[in-house]
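2 protein chains.
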Amino acid sequence: MALVVQKYGGSSVANAELIKNVALKVVESARAGNKVVAVVSALGDTTDDLITKARQLCDSPPDRETDALLATGEQMSSALLAIAICNLGEKAISLHGSQIGIKTDGVYTKAKITQIEGSRIKAALDEGNIVVIAGFQGVTDDEELTTLGRGGSDTTAVALAAELGADYCEIFTDVEGVFSADPRLEPKARLLPVVSYEEMLEMASSGAKVLQLRSVEYGRNYKVELHVRSSFSTNPGTIVKEESFSMEKAIVSAVTHNDSEAKVTIMGVPDKPGIAARVFGKLAENEINVDMILQNVSQSGHSDISFTINEEDIDKARQVMDSLVKELKAKGTDFDTEIARVTLVGAGMKSHPGIAAKMFEVLASNGINIEMISTSSIKVSCVIRKAQIGSAVRELHEAFGLEKNV
Amino acid sequence: MALVVQKYGGSSVANAELIKNVALKVVESARAGNKVVAVVSALGDTTDDLITKARQLCDSPPDRETDALLATGEQMSSALLAIAICNLGEKAISLHGSQIGIKTDGVYTKAKITQIEGSRIKAALDEGNIVVIAGFQGVTDDEELTTLGRGGSDTTAVALAAELGADYCEIFTDVEGVFSADPRLEPKARLLPVVSYEEMLEMASSGAKVLQLRSVEYGRNYKVELHVRSSFSTNPGTIVKEESFSMEKAIVSAVTHNDSEAKVTIMGVPDKPGIAARVFGKLAENEINVDMILQNVSQSGHSDISFTINEEDIDKARQVMDSLVKELKAKGTDFDTEIARVTLVGAGMKSHPGIAAKMFEVLASNGINIEMISTSSIKVSCVIRKAQIGSAVRELHEAFGLEKNV
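Chain order of the listed sequences is A and B. Using this note's numbering, you'd call the opening residue of the first sequence number 1 and step up by one each time. Using this note's numbering, you'd call the opening residue of the second sequence number 1 and step up by one each time.
Everything labelled a hint here was simulated from the structure, so no lab data went into it. Here a beta-carbon is modelled for each residue, glycine too, at the ideal position from N, C-alpha and C. Take these hints with a grain of salt, some might be off.
[Said to hold, decoys possible] Here are the in silico distance ranges between beta carbons for each label pair:
hint	chain 1	residue 1	chain 2	residue 2	range
1	A	Pro-193	B	Arg-318	54 to 64 angstroms
2	A	Lys-331	B	Ala-32	48 to 58 angstroms
3	B	Ala-32	A	Asp-48	33 to 43 angstroms
4	A	Gln-319	B	Glu-243	55 to 65 angstroms
5	A	Pro-187	B	Glu-17	40 to 50 angstroms
6	B	Asp-142	A	Gly-165	22 to 32 angstroms
7	B	Arg-184	A	Arg-184	53 to 63 angstroms
[As the list claims (entries may be wrong)] Below are the DSS-like pairs computed for lysine-lysine, each with C-alpha atoms no more than 25 angstroms apart in a straight line:
hint	chain 1	residue 1	chain 2	residue 2
8	A	Lys-103	B	Lys-103
9	B	Lys-122	B	Lys-223
10	B	Lys-331	B	Lys-282
11	A	Lys-316	B	Lys-110
12	A	Lys-91	B	Lys-110
[Stated by the list, open to error] What the simulated footprint calls covered on chain A by chain B, stretch by stretch (three residues with Cβ under 8 angstroms from a Cβ of chain B suffice, anywhere in the stretch; the number is not a length):
hint	segment
13	47-59
14	65-72
Please model the entire structure based on the sequences and the hints provided.
Right, here's the structure in full:
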């Protein structure tokens, strides 16, 4: 008897028919002899609708109340899924963050899980229940409601799978799995049957939206095998697991892109030790994730520092940068939202130098200018103009032969 | 500085504009120097919508999951109201049942409050917050979510007012206060400026929907003065408080009606001791509230027992009665949903005999047949045909001169 954690995203439970479909999938797994824990996101666009409601009342709603508001979405969907499962004749109970002790830090809207108490879930499973968990949320030690940020239900699912010692964690979504590129930009994109944690981490951090970055980190750290599958088919999807010798090692597995970042530049800062630490320290204090960083060569004792952030952090970043400009006596800041990032990811890159050079050549030969570059052992990332992202993805997918079953 | 608990019903917070209106009322009270605790119901028709959603998934959704589902409604509205208050520049936090320790028994969908822990609210008030509470819900000792049944937010408000030692509890609703009859049936109905707890109890239990029965009981038991007011005006409304010598004592204060009850009859039960106890004991076990009871005179060792219940309990009552018929070897049951109840309520009745006789006469002279009668020291209730309820209310309102300021 396997213990399986399943996660169903909002588009998989957007209406009554879809909830029934999910209930059926959960029950099928249970009837096949598995103990099943189902983690569920808020129905369809509920989270966005709630944010809209909050903004109608206040331009910048307090984070604490935003989290209390958003947490209701998954509490609702988890109860509804439990009801739909009961209707199929199986025992089911819904449990939310405070009931099962998903403890988080106190950073509202972006909380991190600090501890999970699995005993109540285990007891419920032992009593023959299918357990439905409200994803995306937890509570602080003071019982304050927190949410884990976008895609947080994935993290809930993987963290639970780790805590419960599940055999694997199935992430059901509205796509068939992980592809060699976004199929909306590149119709020839190929489904990847197996991807290593490291590749998936790079893909998630460079724009692949199918799995949330933190959930992949959790999976890697606790060795939880992830199965990314469609809730609308019975196909096996993509398995994310540890790299092994037997694993097919493509030099380049996928080309990912991210067009929801902005490039921020702080200009004319004094070129002396500690400045960069001050800039990025202050951004970190304000919970702004910085991705790529570029520091220009010093000119007459001053330099420019550029970095990329998520678009949603722009307002907060503007405030931080304004105060930094004053503090550092810098010349000013620039916010550029017309950028995008294209990334090649592949576990095989480690042993194949020259991938970056070929990437730059492909982009250049298609008239695409590279503004920033970032590399790791298994990825190369370039910031380009947003308007060129579609052709960049397609040209790279073609040039590296990703549509073929290499 | 007064401590005030305010309660806002669902129709008072049905959309963003109305929530802003409520926020303004809350803030006005705070700026007038009061410490304010606002208890809020789910937005508009949220509770009904959630029940509909649950029924789309399951004909009889499990009570536990129904409560987990319904509890989200008030959690949502309390966060939204806190956000709207913050937008007006005042500090506000929302708190729900498990955070403030509103403990209940484990009777899902109809739970009773067993204990309230006021310390967290008091601390929040002392920190200068307006505190917004999710009404209608609590948690058991095992942190299971429960709801208090229809109108439960009134009970939450009054129970909190009692626990916190509030100066009074304002119940804001979509009507101007308590009237001498339902203004929809009797346009000449008069607003009652002051009503005693006892009168309000009789009115609530006999069909006046403006306050939930249990909240009035709480108010009486803990001497919490209730102000029933409109959230759409600044009128003082109706004050519900202890009867005092100075209080205007109308012989008859109001005529109320209830057209959502059914009359249940179990026929041909053996006329021996213990039968009634068995019938009503079993109904109580199943959490079915019985109101009026009538036992016919025994004929050949058998009798009929009739009683009234809420329409919403009919399905459950049918099951209970079927098993009782078998157990008691009774002749059968009859369910009559075409009944209604009309009631005269007045604190002055105690010292004025003859009210009942006049009531029967008024009904008879208007061709209205009386099927069951129930009296207390301050009320007389008659079950009649549902189709005649409008004329019964109007004729009694006229005959007892209720439109005049007696």
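The hints, checked one at a time:
no.: 1; hint: A:Pro-193 with B:Arg-318: 54 to 64 angstroms; result: holds (56 angstroms)
no.: 2; hint: A:Lys-331 with B:Ala-32: 48 to 58 angstroms; result: holds (51 angstroms)
no.: 3; hint: B:Ala-32 with A:Asp-48: 33 to 43 angstroms; result: holds (38 angstroms)
no.: 4; hint: A:Gln-319 with B:Glu-243: 55 to 65 angstroms; result: holds (60 angstroms)
no.: 5; hint: A:Pro-187 with B:Glu-17: 40 to 50 angstroms; result: holds (46 angstroms)
no.: 6; hint: B:Asp-142 with A:Gly-165: 22 to 32 angstroms; result: holds (25 angstroms)
no.: 7; hint: B:Arg-184 with A:Arg-184: 53 to 63 angstroms; result: holds (55 angstroms)
no.: 8; hint: A:Lys-103 with B:Lys-103; result: holds (22 angstroms)
no.: 9; hint: B:Lys-122 with B:Lys-223; result: holds (20 angstroms)
no.: 10; hint: B:Lys-331 with B:Lys-282; result: holds (18 angstroms)
no.: 11; hint: A:Lys-316 with B:Lys-110; result: violated (46 angstroms)
no.: 12; hint: A:Lys-91 with B:Lys-110; result: holds (22 angstroms)
no.: 13; hint: 47-59; result: holds (count 7)
no.: 14; hint: 65-72; result: holds (count 6)
Figure legend: structure checked against the earlier numbered hints; the only hint not met is number 11.
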